[in-house]
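First to last, the sequence lines map onto chains C and W.
Under the numbering used here, read the first sequence as residues 163 to 536, first letter to last.
Under the numbering used here, read the second sequence as residues 200 to 420, first letter to last.
No lab work stands behind these hints, which were simulated from the structure alone.
Mixed in with the good hints there might be a few duds.
No farther apart than 27 Å at their CA atoms in a straight line, the calculated lysine-lysine pairs in the DSS-like style are these [unchecked claim]:
| # | chain 1 | residue 1 | chain 2 | residue 2 |
| --- | --- | --- | --- | --- |
| 1 | C | 403 | C | 485 |
| 2 | C | 252 | C | 449 |
| 3 | C | 449 | W | 331 |
| 4 | C | 175 | W | 328 |
| 5 | C | 384 | C | 400 |
| 6 | C | 400 | C | 164 |
| 7 | C | 365 | C | 252 |
| 8 | W | 325 | W | 307 |
| 9 | C | 266 | C | 400 |
| 10 | W | 228 | W | 215 |
| 11 | C | 394 | C | 252 |
| 12 | W | 331 | W | 316 |
| 13 | C | 384 | C | 374 |
| 14 | C | 384 | C | 252 |
| 15 | W | 325 | C | 175 |
| 16 | C | 449 | C | 529 |
| 17 | W | 316 | C | 529 |
| 18 | C | 449 | W | 215 |
| 19 | C | 164 | W | 228 |
| 20 | W | 307 | C | 449 |
| 21 | C | 449 | C | 175 |
| 22 | W | 316 | C | 175 |
| 23 | W | 215 | C | 528 |
| 24 | W | 235 | C | 164 |
| 25 | C | 365 | C | 403 |
| 26 | W | 321 | W | 331 |
| 27 | C | 403 | C | 528 |
| 28 | C | 175 | W | 215 |
| 29 | W | 307 | W | 328 |
| 30 | C | 175 | C | 529 |
| 31 | W | 215 | C | 164 |
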Amino acid sequence: MKLLISIVSYLLKDIFWRWREQPGNILTRFTVTYVLVLPSLALLGAFVLMTNNLEAQLQRNGMDLFFVSEQVPMNKVITKKRHADLEELKEYGSTFELHQLFTKVKSPHSKITHIAAYPDSALFSLDDLITQDCSMPYLSDSLPEGMPIRVNIDGYFFNTTVHRSSTMIHKFFQGNLLLIPEGMLPRVESRGYSRITLFKAHKIDQLGTLQKVVTCVAGLNKSTLLIRSSVKLLDDFKKLKTRQLQWRLGLAIVAGAVLALILGTLSVLEYQQRAYVITLLRSFGIKRRLVYTMQLFENALIVNIAAVAAYSTLIYFQKDLCKSFGFTHARTTLSLEEMATELLLIFVCINLGVLLSSLPSLYVLKKDIGTILS
Amino acid sequence: MNALGCNDIMFSYSRKAETVFSGESFRFKTGINFLKGYSGCGKTTLLKILAGYLTPSSGSVFTPSGHPPFSTEYQRQEMSFLFQQLNLLPLASVQRNLELAGELAGLKHSLIRERSKYWIEKLGLKPLKHRKANQLSGGQQQRAAIARALMKNAQVLLLDEPTSGLDDLNTRLIINALSEMVNRECICVICTHDHRLEELAHETTDFNCFLPVERHLLALA
């Protein structure tokens with residue numbers, strides 16, 4: 163054991179001195195690994211960011227929402243509870259409902275304006291629009307924000323101000339919308355309305371399934387629910403993501419394989435020098451296995467440090483990378499989790515490269531000492 | 200002490216290459232044994248076979264301890280080999296080269312220090328002991344390589360041309376060192392063309408007598 167420690171200590175010192183004396187070899191291996199791993203990871207990272215960006219944009223446009231509209235006829239208005247089929251959705255996301263009323267809103271600035279009554283339960287979701295001063299926001303994208311406006315509903319006049327519509331509402335109502343508290347116009351509400359439930363899923367992956375469940379339950383209960391969503395777009399996006407992941411993995415394998423081949427080629431190029439050192443060490447009686455292990459250790463250490471350095475560089479400059487690709491909506495950080503598969507593949511490939519580059523050493527170790535040293 | 204040698208060895212460097220040994224046997228006893236002969240007659244090959252650095256295709260090699268020649272124990276502790284090209288570790292200092300030989304032989308630290316100091320002084324390497332091997336001249340390297348070979352007090356000392364190209368002063372230093380080794384009862388096999396070493400030899404093996412006539416003529420030509 164003492165002897166083994168002594169030999170290993172010498173070999174480590176030998177590695178250190180060779181590193182100091184011949185930085186070319188070490189630097190070459192380090193640089194080659196670094197230079198190849200960094201752009202590969204940057205490219206793969208850019209793909210991840212691209213997906214994040216696209217996902218963020220789609221979510222902004224309501225990919226994670228669906229709307230259920232249900233006609234509440236005049237004779238059923240008295241039942242104010244939401245449809246029982248939709249109650250369960252609360253567990254899987256946030257919901258709020260609006261009652262689109264069947265009446266005309268007249269204003270001097272807009273010909274078509276929808277009107278919807280919001281129940282008390284929707285206040286939490288509309289907190290950015292409803293205030294104590296303004297309980298009847300007029301939502302419009304075309305009129306200047308904050309402009310006072312006078313509207314006529316069914317012969318009644320009201321004063322209100324213009325607001326920008328919130329993200330969720332904007333997805334369903336195209337054009338201008340006047341929000342009023344439920345019960346403010348009982349005569350209009352008693353004529354019946356269209357109850358619109360907006361649902362935003364906690365997990366976007368569950369959206370399709372939840373929509374299917376709602377449709378199925380509604381079918382079984384023979385209710386007439388009209389569901390609008392971007393599930394089809396979501397499916398297309400998932401397919402795109404899967405395909406992109408395959409490409410990313412393929413790219414990672416190709417990059418890793420190139421690196422492995424280059425490391426292998428480098429080791430072949432320095433075969434003569436390596437053969438001499440290995441054989442010299444063996445001539446002292448050091449076992450082949452130990453010499454081989456130390457060679458592997460040295461190589462693995464260099465390339466893994468280089469790969470970690472490349473990854474660290476990428477993490478350090480990731481925000482600049484995001485900016486250079488023009489990604490503004492996506493998260494500007496690449497998490498280890500998102501890059502885990504690619505990183506794993508690249509590390510596996512470079513370590514395969516280390517094994518590949520040790521093949522000349524194996525060949526040298528097989529040869530008799532006397533055929534190399536004279 | 201048992202002898203070092205081989206029985207009925209057959210060896211060639213490759214299938215196509217000429218056979219170097221075809222069933223010869225050698226036996227070397229304690230003392231200094233000389234191997235003489237024309238260049239290319241197989242002296243170095245025999246030394247490498249005795250060191251376990253080459254494996255004969257048939258026949259057997261025996262060592263004083265009974266360990267096979269390619270065993271770690273034999274190569275680390277019982278045998279020292281001086282290559283024609285010296286093969287010092289180029290980036291290690293002279294002292295480190297010597298210490299490493301001792302460490303690999305499993306010697307105690309104090310003994311390593313004592314012996315390395317002794318051989319460094321004996322072979323006139325004191326001013327050079329911290330220099331790296333690749334910074335030494337040919338003669339200095341040769342002395343350092345011999346010091347390294349003598350470090351572990353090996354039972355078997357195999358020296359390939361230890362004084363080739365050396366001046367008289369350096370040769371004298373080496374002769375003195377080798378004479379001391381003989382007193383320690385080791386089997387020393389030297390292959391050399393150097394007549395200055397002849398005074399040391401207890402036994403001489405002339406390889407020329409193994410050579411067929413046509414190889415004699417070839418060597419002479």
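Results for each hint:
1. Restraint check for residue 403 of chain C and residue 485 of chain C: satisfied, since their Cα atoms lie roughly 22 Å apart, inside the 27 Å limit.
2. For a cut-off of 27 Å, the pair hint linking residue 252 of chain C to residue 449 of chain C is broken: about 69 Å separates their Cα positions.
3. The hinted pair formed by residue 449 of chain C and residue 331 of chain W meets the criterion: a straight-line CA distance of about 25 Å does not exceed 27 Å.
4. Proximity of residue 175 of chain C to residue 328 of chain W is assessed by CA-CA distance (about 18 Å); at most 27 Å being required, the pair is judged to hold.
5. As the CA atoms of residue 384 of chain C and residue 400 of chain C are separated by approximately 31 Å, the hinted pair breaks the 27 Å bound.
6. The hinted pair formed by residue 400 of chain C and residue 164 of chain C fails the criterion: a straight-line CA distance of about 59 Å is larger than 27 Å.
7. Straight-line distance between C-alpha atoms of residue 365 of chain C and residue 252 of chain C comes to about 13 Å, which keeps the hinted pair within the 27 Å bound.
8. Restraint check for residue 325 of chain W and residue 307 of chain W: satisfied, since their Cα atoms lie roughly 22 Å apart, inside the 27 Å limit.
9. This hinted pair does not check out: residue 266 of chain C and residue 400 of chain C have alpha carbons roughly 41 Å apart, beyond 27 Å.
10. With a CA separation close to 34 Å, the supplied pair residue 228 of chain W and residue 215 of chain W exceeds the 27 Å bound.
11. Between residue 394 of chain C and residue 252 of chain C, the direct Cα distance comes to roughly 23 Å. Compliance with the 27 Å bound is thereby established for this hinted pair.
12. Taking the CA atoms of residue 331 of chain W and residue 316 of chain W, the gap is near 16 Å; set against the 27 Å cutoff, the hint holds.
13. Under the criterion of a C-alpha separation no larger than 27 Å, the hint pairing residue 384 of chain C with residue 374 of chain C is consistent with the structure, at around 15 Å.
14. Distance hint between residue 384 of chain C and residue 252 of chain C is fulfilled; the C-alpha atoms sit about 22 Å from each other, no more than 27 Å.
15. Taken as a hint, the residue 325 of chain W and residue 175 of chain C pair is honoured in the structure, with Cα atoms around 23 Å apart against an allowance of 27 Å.
16. For the suggested pair residue 449 of chain C and residue 529 of chain C, the alpha carbons sit about 13 Å apart, so the restraint of at most 27 Å is met.
17. Our distance criterion of 27 Å between C-alpha atoms is broken by residue 316 of chain W and residue 529 of chain C, whose separation comes to about 35 Å.
18. Pair hint residue 449 of chain C plus residue 215 of chain W does not hold up; C-alpha atoms about 30 Å apart against a cutoff of 27 Å.
19. Between residue 164 of chain C and residue 228 of chain W the CA atoms are separated by roughly 33 Å; this puts the pair beyond 27 Å, and the hint is violated.
20. Proximity of residue 307 of chain W to residue 449 of chain C is assessed by CA-CA distance (about 21 Å); at most 27 Å being required, the pair is judged to hold.
21. Distance restraint check for residue 449 of chain C and residue 175 of chain C: the Cα-Cα separation of roughly 18 Å lies within the 27 Å cut-off, and the hinted pair is therefore satisfied.
22. A hinted pair counts as satisfied when its Cα atoms are at most 27 Å apart, and residue 316 of chain W with residue 175 of chain C qualifies at roughly 22 Å.
23. Taking the CA atoms of residue 215 of chain W and residue 528 of chain C, the gap is about 20 Å. The hint holds against a cut of 27 Å.
24. Taken as a hint, the residue 235 of chain W and residue 164 of chain C pair is broken in the structure, with Cα atoms around 41 Å apart against an allowance of 27 Å.
25. For the hint linking residue 365 of chain C to residue 403 of chain C, the alpha-carbon distance of about 16 Å falls within 27 Å, and the restraint holds.
26. Using a Cα cut-off of 27 Å, the hinted pair residue 321 of chain W and residue 331 of chain W holds, with the two alpha carbons roughly 19 Å apart.
27. Pair hint residue 403 of chain C plus residue 528 of chain C does not hold up; C-alpha atoms about 49 Å apart against a cutoff of 27 Å.
28. Distance check on the hinted pair: residue 175 of chain C and residue 215 of chain W sit about 42 Å apart at the alpha-carbon level, beyond 27 Å; violated.
29. For the suggested pair residue 307 of chain W and residue 328 of chain W, the alpha carbons sit about 20 Å apart, so the restraint of at most 27 Å is met.
30. As the CA atoms of residue 175 of chain C and residue 529 of chain C are separated by approximately 25 Å, the hinted pair is consistent with the 27 Å bound.
31. A C-alpha spacing of about 45 Å is found between residue 215 of chain W and residue 164 of chain C, which places the hinted pair above 27 Å, so the restraint is violated.
Hint compliance for this structure: hints 2, 5, 6, 9, 10, 17, 18, 19, 24, 27, 28 and 31 are broken, all remaining hints hold.
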